[in-house]
Amino acid sequence: MRNYILLLLLLSFITVAACTQEKPEDKTQANDTTAEDADTKTAREDKSGNKSNNTENEKPVSKIDEYANTSLQSMFDFLANTQKLKVNVASTYDTLQRDGQLIEFGANTEWIIKRPDKVLINSVSWEGDDRTFYFDGKDITYYDSGYNVYAVAPKEGDLDEAFDYFVEKLNMPLPLTELFSVKHPFDLKTDVISSMYLGESTINGVNCNEFAFRFPETDLQIWITEGSQPLPERIVITYKDSPGQPQYKAQFSNWDLVSEMPDRLFNFDPPADSRKIIFATRSNNSNKADSNSKGDK
Amino acid sequence: MINLKYFRLVSCLFVAVLFIFVTIDFADSRGRGGGHGAHRGGGGGHKASHVNRRGPSRSGSMTPSRSRQASPSRKNVNRNNVNRSNVNRNNQNRNTNRQGNIENRQGNRKDNLENRDKDREDYRDERWDHQDDVRDERRDYAEDVRSERREWAEHSEWNDGIIEWNDGAEWANIVAAGILVTGTAIAVSSFNNAPCTMTSVKVNNQTYYQCDNYWYQEAYQGGEVVYVVVNSPY
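These protein sequence lines map, in sequence, to chains H and Z. Under the numbering used here, the residue at position 52 of the first sequence is numbered 52, and the numbers go up by one with no gaps. So the number in the numbering used here is just where the residue sits in the second sequence, counting from 1, plus 297.
Misleading hints may appear alongside valid ones.
What the hints assert, rightly or not - DMTMM-like mimics (lysine to aspartate or glutamate), calculated; alpha carbons at most 20 Å apart, straight line:
{"#": "1", "chain 1": "H", "residue 1": "K249", "chain 2": "H", "residue 2": "E104"}
{"#": "2", "chain 1": "H", "residue 1": "K84", "chain 2": "H", "residue 2": "D136"}
{"#": "3", "chain 1": "Z", "residue 1": "K499", "chain 2": "H", "residue 2": "E210"}
{"#": "4", "chain 1": "H", "residue 1": "K169", "chain 2": "Z", "residue 2": "D509"}
{"#": "5", "chain 1": "H", "residue 1": "K276", "chain 2": "Z", "residue 2": "E521"}
Honestly, the hints are just simulated from the structure, not real lab data.
With these hints in hand, go ahead and build the complete structure from the sequences.
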């Protein structure tokens, strides 16, 4: 009997010893896993939240590639000097949600420009919002086919003035206006933190040169068509200072620089039963909202 | 007799010990492999009306601070920079601590290689420092998100937050909260649920809607169709 007891005691001791030896290893592993998870999460936060110590201490490398700068300048100049154009744009943009998740939205847009003062931009969002921006040199009209409503704001001038007024005064979103404006959005000599030529690539069957730029507020990746017509084929804008670092992406297709564009294309004819509404500007006094609105057409 | 008692006692003890360790190990392994039983939650299927569709990237601008559409973010940029300077300062402190721990550890090793307890303590300190780093960074990031949300909500000129807020609020609460000042924007879905009969009149080719003592006009605001509270057209 004593032997049995001794045997049992021995077995208990061995089991306890084995378990107590094993547990610290498990805990170490668990701690390691936690540390790894933490590292992974930190890395993820580095990407989404731009919060890592390394990132904070890193200063942007100020390296300028003259070929990249010249190519971007050529593209802006070419677009500004193109008197008429038509192009399709498939775009997406991210928005940061309350829980930190980035959600992507998108739209398919057609741009028709006839310089100096005519433009039509029809945009259909993935969610079905169908909106058209008209400018004929005298009025800006914005039509929403879903609600069948339109608003008119008198504005004389060229495309740049119309874009500025619509975006800055009327507080309406109109992506990519900088690309089609005559004035450049920034001074390439002073505003570029770094620029880089990434090489040749093919976008939708079009041979392009790919570039990366860093500006004070955004990072830009752009693919520009090779050859005598340096048109953008794709751009990615990263809002690096915004939480989550959201991106705006645009893919261009069907560039048309030759078709005729009659003036009547840019005149808005209100559809039957459409309602004329106002632009609510940022003033708290709504009477200031589009107080210059003209009467119904 | 005593031996039998001892035998039963030790047997019970052995079985209990075995049971406890097997149970702990099983639970531990479940814990490590967890996740399969995660609560799916949510009443999915419907389209969430409170999804944020606004933000700097919507502008598609390469210079968002020039665009007023991105103004809230422009302010955030400044605040983020302030936050970042705090982060840097914290990181410097943490780095100093960490460096100190490393030096201590190296010194201990030189002085007494057998003093492993100290090493372990330092290692734990370092790990705690690292976990503190992660926690601080998460807290900073969460604060950024909260700040941006607050910024949107507080931007009275734009009324952005109010639109979102109205979506989920009862009409009576909106009125009771006294936010129906001139210029307040109300989402169409909320406006359509107003607990009163809207009457419409046309004045100077503009359509006005009246509900109780308030007047509204349909308007574009920030790219969306909304109703804004306006002064009486009369």
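Hint by hint, here is what the structure shows:
1. Of the pairs offered as hints, the one joining K249 of chain H and E104 of chain H holds, with about 10 Å between alpha carbons and a cut-off of 20 Å not exceeded.
2. Taking the CA atoms of K84 of chain H and D136 of chain H, the gap is about 14 Å. The hint holds against a cut of 20 Å.
3. Pair hint K499 of chain Z plus E210 of chain H does not hold up; C-alpha atoms about 55 Å apart against a cutoff of 20 Å.
4. In summary, the hint linking K169 of chain H to D509 of chain Z is not supported, as the alpha carbons are separated by about 32 Å, beyond the 20 Å threshold.
5. Distance restraint check for K276 of chain H and E521 of chain Z: the Cα-Cα separation of roughly 15 Å lies within the 20 Å cut-off, and the hinted pair is therefore satisfied.
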